[in-house]
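Residue numbers (the numbering used here), protein chains in the order written: chain S, 617 to 783; chain H, 7 to 133.
Just so you know, these hints were derived from the structure itself, not from any lab.
One should not assume that every hint holds.
Unchecked claim - So the derived label-pair ranges between C-beta atoms look like this: (1) ARG127/H / GLU697/S: 34 to 42 Å; (2) GLY86/H / THR733/S: 17 to 25 Å; (3) PRO95/H / GLU771/S: 43 to 51 Å; (4) VAL96/H / ARG682/S: 22 to 30 Å.
Each residue gets a CB set at the ideal place from its N, CA and C atoms; glycine is no exception.
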Amino acid sequence: MILEMTASAIIYSSALAIPSRGSSETARFVSRQTDAGLDILKSSLAFGLYGQKAFDDLSLIFEECRTANWDGYQAEPVFEETFQLAGQFLKALPLGASMPAISAEADGHLTMEWYRTPRRTLSVSIGPDGQLHYAALLGGSKAYGTEPFFGEVPEAIMSLINRVMVA
Amino acid sequence: MPPVETGEWLSRYILQKSHVRQDNTLRADPFIPHPHADLSVTRHLEFDAKAIWDIGEDVARQTGKALHGRAENLAGTYQGQSLSVVAAPVAGNRNHANVIGWPADKPAQKIIALEIAARSRYVPRPE
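Next comes chain S alone, as it looks inside the complex (with noise of 0.2 Å):
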């Protein structure tokens, strides 16, 4: 019961709390506990099953995509920095949001997809240079735009995601 009530807690605090990484080395100290806590979390049974499948998909989808022409229309490779950077991405959401589905764009991009029917769906690439491409409908309207990548997900595409997985 008391396990139950702080994964819940962690997961609703971690789910709507704005990021905050200070710098001090107490800072830091206190930013390794908690990520380390936090990776525990993640791949206890009752939580990570489902996150899990996301990380396998990724491994699955690089293996697939890593050679180019991989679409037979001439793709570009998708390489390993991508790769790297699309896991750190999927590991930096937030405990209790939705997991996207994987695949890759011509261009090598690794792309991470929000989907609840084809006019409410969000896709997001991310490539070797870690700049997220995002591009969302939302029933009548529509979001896109561009946002580094620096270990955190961005407030704008979080916002998208729930829009497209809660609204």
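Following the hints, complete the assembly by docking chain H onto the known chain S.
For chain H alone, kept in the frame of chain S given last:
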């Protein structure tokens, strides 16, 4: 070859399984134009179903990949996104065409690709 008309059916072959969702709808990914600024498609014109599939099988064979299916759209779907479709016959596919006029920046390409994907029909490869 005659110019491409709005009511013509066009196919884009799908060689990557993850480009198709479990509900048989298409993701935006196969509609991102790269490495060229064009997106390759095949006009149906006078082709029968077998001829359309044969071209896809040929593409798959040349790349050592499996053909999963094809995405079908009317030319008007692309034209409605301020793109143009021009006939561009190539050896082995006289019905080849290019979708041109794509914006240069990636997010703008992605939102167009999402719109096209939402209007696409997926046809799985016959068993």
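Here is how each hint holds up against the structure:
For the pair ARG127/H and GLU697/S, the supplied restraint of 34 to 42 Å holds, since their beta-carbon distance comes to about 36 Å. Evaluation of the 17 to 25 Å hint for GLY86/H and THR733/S yields a pass: the beta carbon distance comes to about 20 Å. The given range of 43 to 51 Å is respected by PRO95/H and GLU771/S, whose C-beta atoms sit roughly 48 Å from each other. In this structure the hint that VAL96/H and ARG682/S lie 22 to 30 Å apart at CB holds, the actual value being about 27 Å.
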